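Number of protein chains: 2
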Amino acid sequence: MQRPRIKLVLAEAALETVPREIWGHPAVYKTAKRRGKTPASILLDRSLHHQAMKGLPEAEKRGRPDIVHISLLEALSSPLNREGLLETYVHTIGDYAIFIKPETRLPRNYNRFVGLIEQLFEIGRVPPEGEPLLTLKPMSLRVLLETIQPTKIILLAEDGEPRRLREIAIELAREVAPAVIVGAFPHGDFRPENKKLADGIYSIYGGKPLETWTVVSHLLAILADHLGIV
Amino acid sequence: MQRPRIKLVLAEAALETVPREIWGHPAVYKTAKRRGKTPASILLDRSLHHQAMKGLPEAEKRGRPDIVHISLLEALSSPLNREGLLETYVHTIGDYAIFIKPETRLPRNYNRFVGLIEQLFEIGRVPPEGEPLLTLKPMSLRVLLETIQPTKIILLAEDGEPRRLREIAIELAREVAPAVIVGAFPHGDFRPENKKLADGIYSIYGGKPLETWTVVSHLLAILADHLGIV
Numbered sequence: 035m036q037r038p039r040i041k042l043v044l045a046e047a048a049l050e051t052v053p054r055e056i057w058g059h060p061a062v063y064k065t066a067k068r069r070g071k072t073p074a075s076i077l078l079d080r081s082l083h084h085q086a087m088k089g090l091p092e093a094e095k096r097g098r099p100d101i102v103h104i105s106l107l108e109a110l111s112s113p114l115n116r117e118g119l120l121e122t123y124v125h126t127i128g129d130y131a132i133f134i135k136p137e138t139r140l141p142r143n144y145n146r147f148v149g150l151i152e153q154l155f156e157i158g159r160v161p162p163e164g165e166p167l168l169t170l171k172p173m174s175l176r177v178l179l180e181t182i183q184p185t186k187i188i189l190l191a192e193d194g195e196p197r198r199l200r201e202i203a204i205e206l207a208r209e210v211a212p213a214v215i216v217g218a219f220p221h222g223d224f225r226p227e228n229k230k231l232a233d234g235i236y237s238i239y240g241g242k243p244l245e246t247w248t249v250v251s252h253l254l255a256i257l258a259d260h261l262g263i264v
Numbered sequence: 035m036q037r038p039r040i041k042l043v044l045a046e047a048a049l050e051t052v053p054r055e056i057w058g059h060p061a062v063y064k065t066a067k068r069r070g071k072t073p074a075s076i077l078l079d080r081s082l083h084h085q086a087m088k089g090l091p092e093a094e095k096r097g098r099p100d101i102v103h104i105s106l107l108e109a110l111s112s113p114l115n116r117e118g119l120l121e122t123y124v125h126t127i128g129d130y131a132i133f134i135k136p137e138t139r140l141p142r143n144y145n146r147f148v149g150l151i152e153q154l155f156e157i158g159r160v161p162p163e164g165e166p167l168l169t170l171k172p173m174s175l176r177v178l179l180e181t182i183q184p185t186k187i188i189l190l191a192e193d194g195e196p197r198r199l200r201e202i203a204i205e206l207a208r209e210v211a212p213a214v215i216v217g218a219f220p221h222g223d224f225r226p227e228n229k230k231l232a233d234g235i236y237s238i239y240g241g242k243p244l245e246t247w248t249v250v251s252h253l254l255a256i257l258a259d260h261l262g263i264v
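Line by line, the protein sequences are chains A and B. Per this note's numbering, the very first residue in the first sequence carries number 35; after that it's consecutive. Per this note's numbering, the very first residue in the second sequence carries number 35; after that it's consecutive.
This is chain A alone, in the form it adopts within the complex:
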């Protein structure tokens, strides 16, 4: 069987540094100070900044670094990735793209992951010296997709066409380099301009929402099964 190289894109991810509007909020100031950092350099995190986030636009979609953390751990630890058949990208809600070397071993500990992503937002690469494992660039989802040049683009969303995960895996595996886009935000919908980029939009669980990490792990598992890897 031809072995595709799957391009997994976590899109509109709830991953950003604290926005300027709330730098002065006591909840932000306090968490920054405790860590010896400036409000501008720490990640927005609903578990710490819930009160401060109330007035932010699209607040319900923001401030959840844990979604990207767990989803990336699933992607990078997956047999599919270990067999060299996966590329993983993050597009953030603030229109940054993160390029991740497949051999990257992310911190398992959440607080260390947060520190690493803060460094990434500060200097654009991690580690600072030598070959970078993670690289950050300002980039819309459209430009990210133009850059990675998938042969087909599938987006998973609750309001998509109902489709079994296995059928999606078969469709992806027929391609040389397909992209699959999974939303990495806690609530709400994709932006219309991003949804338009897909060749097909599918729903895998009867229109009910699933956690991002569940979608990622289940898709990669069914793909690995289909390709005979597990």
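These aren't lab readings, by the way, just hints derived from the structure by calculation. Only a predicted model underlies this, so the values are computations on that prediction, with no experimental measurement involved. There may be inaccurate statements among the hints.
[Stated by the list, open to error] SDA-like mimics (lysine to any residue), calculated; alpha carbons at most 25 angstroms apart, straight line:
#: 1; chain 1: A; residue 1: K242; chain 2: B; residue 2: E121
#: 2; chain 1: B; residue 1: K88; chain 2: B; residue 2: P38
#: 3; chain 1: B; residue 1: K71; chain 2: A; residue 2: N143
With the hints as your guide, set chain B onto chain A.
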């Protein structure tokens, strides 16, 4: 198709409060004090207590609450669990069993999860009032299995008989109430007395180690596919 009820057991989990031998270690004392807790009441965490853990027996298997956290998030968020076909248990390296109501919504944030498990170790149940979602009891893996009475016991380990995940799913789905045991420790092997409890020991990835959450998510995904849920 008959719908089995799968009993997932995360075993010998690297989840415990700081052991007495290292209560006085500066790294332990410092992290306890910063959180306004006693050394006895905080979780052992390698990301904080690495230095202090050096002399502990079985140190390489201990102090990784993140493994249980991510694996439980995968289990409880899975379509299999949401369809009512999964029961999830944790057996810890210190021989405690954690009983988890399937509808439990665990904290997504690691630090909040740690606080919740510390409360569980302190008072034996969470939440403290009303119907408990999590219950903790001193219990060996053997007694836990006697308590939950599976119709068959499959254990997954690197040195097991090679078996495709799909074949394991088919074997499990033939049973009414099978248990599947996954190690929730970072390195090393199961204790011999625990391994002996299994009817079958299988290896799913060519004898190579996988992260606990990867094993859990991939097994649950293949089961959900086999049962027509996703």
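Verification of the supplied hints:
1. At roughly 21 angstroms between alpha-carbon atoms, A/K242 and B/E121 fall within 25 angstroms of each other, so this suggested pair holds.
2. Our distance criterion of 25 angstroms between C-alpha atoms is broken by B/K88 and B/P38, whose separation comes to about 43 angstroms.
3. Proximity of B/K71 to A/N143 is assessed by CA-CA distance (about 21 angstroms); at most 25 angstroms being required, the pair is judged to hold.
This entry does not satisfy hint 2, going by the numbered hints stated previously; all others are met.
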